Amino acid sequence: MMPDGNMRRFRCESSRVAWFSAALLLAACSLGYDPDELTSGPPPNTPQAGASGAAGGGRAGAAGSSASGAAGGGRGGASAAGKAGEGGEAGEGTSAGKGGTSGAGKGGSAGSAGNGGTSGASGATAGTAGSGQSAGTGGTSAGPTELYWLEEGSDTVNRANADGSSPELLVSITSLDSYLRSIAIDTVHGKLYFSDDQRGRVEWSDLDGDNVTTCVGSLDHPVGIDLDLTNGKLYIVDRGTVPAVYRANLDGSGLEPLITDGLDHPYGIALDVPGNRMFLVDNDLNQVLRADLDGGNLVDLGVPDVGTPIQIALDPDGGKLYWSELGPPARIRRANVDGSSPEDLVVEPDVDTPLGVKVDVVGRKLYFADGAGTISRSDLDGSNRVPLLTDLDGPVGLVLRY
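Using the working numbering, read the sequence shown as starting at 112 and increasing by one per residue.
The set of hints was computed from the structure by calculation and includes no laboratory data. It cannot be assumed that every hint is accurate.
With a straight-line Cα cutoff of 25 Å, these simulated SDA-like cross-link-like pairs (lysine to any residue) come out [claimed, not checked]:
#1 344 with 402
#2 476 with 373
#3 476 with 492
#4 476 with 447
#5 431 with 476
#6 476 with 429
#7 302 with 330
#8 476 with 463
#9 431 with 504
#10 431 with 387
#11 431 with 407
#12 302 with 353
#13 344 with 373
#14 302 with 275
#15 302 with 365
#16 344 with 363
#17 431 with 463
#18 344 with 371
#19 344 with 458
#20 431 with 449
#21 302 with 319
#22 476 with 454
#23 344 with 362
#24 431 with 386
#25 344 with 320
#26 431 with 454
#27 302 with 276
#28 476 with 460
#29 344 with 406
Values in this document were obtained by computation on a predicted structure and should not be read as measured data.
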């Protein structure tokens, strides 16, 4: 699809095929904004609305982005790597503290446990930080400590405790043409990454939202992002005039194209670093795809009846892919990593505009963002849904911190 920066968020595209536009017109008119913005872009001069929330305590501990390695860590101290907390020495790198329960300790490096966090047995290490990797053995983490997300209506970056408590505004983008799409986290180096579709860049900040700067500029329409912390790489999906997947160093240097053919309107991306592969969704081709990490061997997994997929997540331990579809029907689905045995997990009206999905590989839960204003958590099969955050301004994209 050719991008159109002048298309407005709050109108439905008449150019979409009849089955798609008719259903989304009804949803968009009831919501006050158009889910087709996921394929066309926002209005150029949308006023910015601020968000608010009480600040929660920072948490130490290392983790990658999607399905990252866990670090045992509870509350305590600033979120920057290796800072704050008292009462015990932290392990180095991604190592858990010694002897079970340890505090952060002064001078602890990235990956130190937070004050009062439960670490693993003596000398146990959490899983190697990096996308697509599961928790290591020996630790006793019960799941993520924090949840980070974007809101497209207010162009903000936010965080809360993993149970939705203590929501906090971290970054508010003041540019009127900003359009935030996806978020990734690197707690080893203390950084958040978020893509700005309309301004053609990936920005990064400290974990508390300070020091926002451009990491990669001169892109067309970057949407999906994910991190390979093992090899120090940032992956970017660009839905622009030349649909592509790019790779850069974590500091934004060394940008290189990996895939420039075989895509039409790519969006979400999830990395399986140990398996040397990436997974993508394309919401014009309506496909779930796989390629090598260097971009080679791009293939359609052949999942049937895919309808405008947006985001994708990986559960390496369960051997499953999870992705969101705008539909119709709007739904969250999963399949085996080879694309076989697809199944619906959450289907409208239980979800309206699914714009983000993430798997908690440690606590074995599913988190998903609904553009209608909520972020929810469920069992991996979609049962036992619990709304964690409500009345949000178009949540889109989310990531977990362990």
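The hints, checked one at a time:
{"no.": "1", "hint": "344 with 402", "verdict": "16 Å, holds"}
{"no.": "2", "hint": "476 with 373", "verdict": "33 Å, violated"}
{"no.": "3", "hint": "476 with 492", "verdict": "9 Å, holds"}
{"no.": "4", "hint": "476 with 447", "verdict": "17 Å, holds"}
{"no.": "5", "hint": "431 with 476", "verdict": "13 Å, holds"}
{"no.": "6", "hint": "476 with 429", "verdict": "12 Å, holds"}
{"no.": "7", "hint": "302 with 330", "verdict": "20 Å, holds"}
{"no.": "8", "hint": "476 with 463", "verdict": "20 Å, holds"}
{"no.": "9", "hint": "431 with 504", "verdict": "30 Å, violated"}
{"no.": "10", "hint": "431 with 387", "verdict": "16 Å, holds"}
{"no.": "11", "hint": "431 with 407", "verdict": "22 Å, holds"}
{"no.": "12", "hint": "302 with 353", "verdict": "29 Å, violated"}
{"no.": "13", "hint": "344 with 373", "verdict": "23 Å, holds"}
{"no.": "14", "hint": "302 with 275", "verdict": "21 Å, holds"}
{"no.": "15", "hint": "302 with 365", "verdict": "18 Å, holds"}
{"no.": "16", "hint": "344 with 363", "verdict": "9 Å, holds"}
{"no.": "17", "hint": "431 with 463", "verdict": "23 Å, holds"}
{"no.": "18", "hint": "344 with 371", "verdict": "18 Å, holds"}
{"no.": "19", "hint": "344 with 458", "verdict": "34 Å, violated"}
{"no.": "20", "hint": "431 with 449", "verdict": "9 Å, holds"}
{"no.": "21", "hint": "302 with 319", "verdict": "9 Å, holds"}
{"no.": "22", "hint": "476 with 454", "verdict": "17 Å, holds"}
{"no.": "23", "hint": "344 with 362", "verdict": "9 Å, holds"}
{"no.": "24", "hint": "431 with 386", "verdict": "13 Å, holds"}
{"no.": "25", "hint": "344 with 320", "verdict": "21 Å, holds"}
{"no.": "26", "hint": "431 with 454", "verdict": "11 Å, holds"}
{"no.": "27", "hint": "302 with 276", "verdict": "22 Å, holds"}
{"no.": "28", "hint": "476 with 460", "verdict": "21 Å, holds"}
{"no.": "29", "hint": "344 with 406", "verdict": "13 Å, holds"}
Of the hints listed earlier, those the structure fails to meet are numbers 2, 9, 12 and 19, in rising order.
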